[in-house]
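Visitor: Sequence:
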Amino acid sequence: MFPRATGRHEHGEYPLNARGQRLYPRRAWFDAVADVFEELGSVVPVFIDKHLGVGWEDARAIFDRAARLGIPLMAGSSVSTAPVSWRSPRVDIPIGTQIHRAVVVSPPPLEAYGFHALEALQCIMERRHGGESGIASVQCLVGEDAWNAMDRGAWERSLMQAALQVCDRATPGDARSLAPDASAFLINYRDGTRAMAMIPETVTPQWAIAADVTLPGADTVSRIAFRFGMGTQEPFSHFAWLIEGVQDMIETGVPTVPAIRTLLTTGALDFLMASHEAGGVPIDTPQLHISYAPSATVER
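In terms of my numbering, the sequence shown is residues 1 to 300.
Source of the hints: derived by calculation from the structure; they are not laboratory data.
Only a predicted model underlies this, so the values are computations on that prediction, with no experimental measurement involved.
Some hints here could point you the wrong way.
Listed next, the in silico EDC-like pairs over lysine to aspartate or glutamate satisfying Cα-Cα at most 20 Å (straight line) [claimed, not checked]:
no.	residue 1	residue 2
1	50	284
2	50	13
3	50	111
4	50	191
5	50	64
6	50	38
Computed Cβ-Cβ distance ranges for the label pairs, DEER-style [what the hints assert, rightly or not]:
no.	residue 1	residue 2	range
7	169	251	32 to 38 Å
8	291	32	45 to 51 Å
9	39	293	31 to 37 Å
Glycine is no exception: its CB is placed at the ideal position from the N, C-alpha and C atoms.
Let the hints inform the model, and build the full structure from the sequences given.
Guide: This is the structure we're talking about:
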């Protein structure tokens, strides 16, 4: 039923659609598995690598069917699953932190690694005061449009610089000069919080975040910045944390990372790619009015 992956892509050779999304058959394969579960009257845990689906409709359908059948479900990024101890510097964001602004930096390509950028962002943003309330709108800007948005205050240059400064493999110099064709994902949350993922071409091969926060019990704003822990040679050691999380789910039947996070990031990426295809128009996202609380048991 499921062909072995061959070729240069880790999951096999699949085409791109007009938005630049690779058409992995996630929903078709999940539905085939879920059909067997329904036939047998029993379920086992399921892990879907990275995105829940190619786009929002597939992701929503997979999430809802898993919930209806009681299937323990995990998905998402290896970047966001490494523990706090793997961050450099080691920075924890307690649940209930007020996060005022945040910027993630990420290597390209836009869609495939943009997903990792959104997961890295969301594993922090979901811990903000009040919990996750969903995303009101998104916008994808490229080149001068991205940098001009910085000039008019849509995102903060100093936050991007702070994130790049903790990347020990970043190219030194002015990011705007080094990456004139950079891409920016602008995220407007329903509670008014703004965040951005910057993909400055080949400036950094690492993922990092900088944010202005007010920690619980504090009355002043402080700036935090760290890069996400990653191995640098194959087999990449940071994958071990994701594999351990999947193993724990298989053993306990309880997902270690909430699939609803990846439902939100998959939807955000789909609408961001739609914005990109349409030339950078902002897109309202009532579909992403998704509220949830982060797991208090997962060290992030």
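Visitor: Each hint: holds or not?
Guide: Checked hints:
At roughly 24 Å between alpha-carbon atoms, residue 50 and residue 284 are farther apart than 20 Å, so this suggested pair is violated. A C-alpha spacing of about 16 Å is found between residue 50 and residue 13, which places the hinted pair at or below 20 Å, so the restraint holds. Taking the CA atoms of residue 50 and residue 111, the gap is about 11 Å. The hint holds against a cut of 20 Å. A hinted pair counts as satisfied when its Cα atoms are at most 20 Å apart, and residue 50 with residue 191 does not qualify at roughly 26 Å.
Taken as a hint, the residue 50 and residue 64 pair is honoured in the structure, with Cα atoms around 17 Å apart against an allowance of 20 Å. Annotation: proposed proximity of residue 50 to residue 38 is violated, straight-line Cα distance about 25 Å (limit 20 Å). Look at residue 169 against residue 251: about 35 Å separates their beta carbons, and that is inside 32 to 38 Å. For residue 291 paired with residue 32, a C-beta distance near 31 Å fails the hint of 45 to 51 Å.
Separation of residue 39 from residue 293 is about 34 Å and conforms to the stated range, judged on CB atoms against 31 to 37 Å.
Consistency with the previously given hints fails for numbers 1, 4, 6 and 8, ordered from lowest to highest.
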